[in-house]
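Asks: Please construct the entire structure, taking both the sequences and the accompanying hints into account.
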Amino acid sequence: MTRRIVVEINGRPHEAEVEGRLLLSDFIRHTAGLHGTHVGCEQGVCGACTVQLEGAPVRSCLLLAVQADGRSLRTVESLAPAGAEGLHPIQAAFQETHALQCGFCTPGFLMTVDAFLREQPEPSTAEIREALAGNLCRCTGYKAIIEAVELAAERLRRP
Amino acid sequence: MKPAAFAYDDPRELDEALTLLAREDEDVKVLAGGQSLVPLLNFRLARPDRLVDLNRVEQLGYLRREGDVLRIGALARHADLERSAEVAGGWPLLAQAACFVGHPQIRARGTVCGSVAHADPAAELPVALAALDARFHVRSVRGSRVLSADELFLGYFTTALEPDELLVEIEVPAPPAGSGSAFVEHARTHGDFALAGAAAIAAGAEARMALLAAGPVPVRARAAEALLASGASFAEAADAAVAELGLAGEDADWRRALLRELVLRALEEAGA
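Protein chains in written order, with the numbering used here: chain D, 1 to 159; chain A, 1001 to 1272.
No wet-lab data here; the hints were simulated from the structure. It is possible that some hints are incorrect.
What the hints assert, rightly or not - Residues from chain D that face chain A, not an exhaustive set, calculated with beta carbons under 8 Å: (1) 16; (2) 17; (3) 18; (4) 20; (5) 38; (6) 44; (7) 57; (8) 59; (9) 62; (10) 66; (11) 67; (12) 112; (13) 156; (14) 158.
Glycine included, every Cβ here is placed at the ideal spot set by N, Cα and C.
Replies: Structure representation (structure tokens):
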């Protein structure tokens, strides 16, 4: 049983005929062809597949593609779109503070942090740690990621 | 893994959802936040014939105060509890408990009613709602009924909800005037399911307590509440709260010790 859906991703409509059981993470990667969103555990634990649904950070492996029909999504590709000059301030901060090594978890962190800093532009370290708690990184030990968020928050306050 | 195939409906109206739930020829599951159900689908531990997705039933997406009660609609999410000024002012225990639910991404999607209907004894909100004497409004095509926590929670992941019934609203009476509240828990890692926890509401000698992961359902410590009312200390009440529990197995001793400490801390924090 399939259904025709239209999902707006990063401002562009993506239309497809999908099965009810198709996960949103698979729709983003395989149907829309946006491979920046990574799929780690597929059980809602690792946070690698985090995207923003109507601005809120959500795990795309715990949503069905049909649930996003008519809704608007943002993925990591929206941060520094093709043609834009340089990286997004959050991405630049991650690069400068060495907040990534293998980079597999990074798109999920970036989308979590982007939503978080919009809601809390002046976060304490404790608030940053709480905001990042749903994203796992097996390389960095998190210290550099927390520094990246602090740096990005500072720069976004004073662009 | 990927879910097995299922039929999918996303009705716009509550009546339509209830009609779909009443189908007797199929195993029908309700999908709301999906933060517990979708992992089960992905593992194929759940293989329903049909999913009824409530997310487009707009009439269920509310969290509002009406006089002395808070009404939590079936689509109100954990993040709504965390951010509501109404909840922070009148029902702080719910916001205190919601902070412990999973992570920000989980709280952005997961629903309060979904957590209750899932009935995991290690879930925070059912425990907080038990302490608050919440009333659970259930609807089906056959009619409606209202249940207390004691009537609703029957066992591990088991409630009194019939297959055709939907938990449409949780009604939470205001806690006693001037009361303080606290929610405490212990988990091995941040955001993981708690090994034990306690919720307390205290106003002088009047207190209510509920325990998390202390049995197959949220446990209301009524004997301990009665002791407090007759002048016992918080420490004596904490002793009584765990003495009531039928904990068994080789981890019963440390579980009892942990729960006692958490009850004591919750009482002290709520009563401070």
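Asks: Does each hint fit the structure? Answer for all of them.
Replies: For each hint, the structure was consulted:
For residue 16/D, the interface hint is violated, the least distance from its beta-carbon to any beta-carbon of chain A being 15 Å, above 8 Å. The interface hint given for residue 17/D is broken, as the beta carbon of that residue sits about 14 Å from the closest beta carbon of chain A, more than 8 Å. Interface hint status for residue 18/D: violated, as the beta-carbon distance to the closest one in chain A is roughly 10 Å, over 8 Å. Taking 8 Å as the C-beta cut-off, the interface hint given for residue 20/D holds, the closest approach to chain A being about 3 Å.
With a least beta-carbon distance of about 14 Å to chain A, the hint placing residue 38/D at the interface is violated under the 8 Å criterion. The beta carbon of residue 44/D comes within 5 Å of a beta carbon in chain A, closer than 8 Å, and the hint placing it at the interface holds. Given hint, residue 57/D at the interface with chain A, holds; its Cβ is 5 Å from that chain's nearest Cβ, closer than 8 Å. Given hint, residue 59/D at the interface with chain A, holds; its Cβ is 5 Å from that chain's nearest Cβ, closer than 8 Å.
Contact between residue 62/D and chain A, as hinted, is supported at the beta carbon level, the nearest pair being about 4 Å apart and thus within 8 Å. A distance limit of 8 Å between C-beta atoms decides the matter here; for residue 66/D the minimum to chain A is near 6 Å, and the interface restraint holds. Against a cut-off of 8 Å between C-beta atoms, the interface hint on residue 67/D holds, since the closest Cβ of chain A lies about 6 Å away. A least Cβ separation of about 7 Å between residue 112/D and chain A falls short of the 8 Å threshold, and the interface hint therefore holds.
Look at residue 156/D: its Cβ only gets to about 18 Å from chain A, farther than 8 Å, so that hint breaks. Because the smallest distance between the Cβ of residue 158/D and any Cβ of chain A comes to about 25 Å, over 8 Å, the interface hint for this residue is violated.
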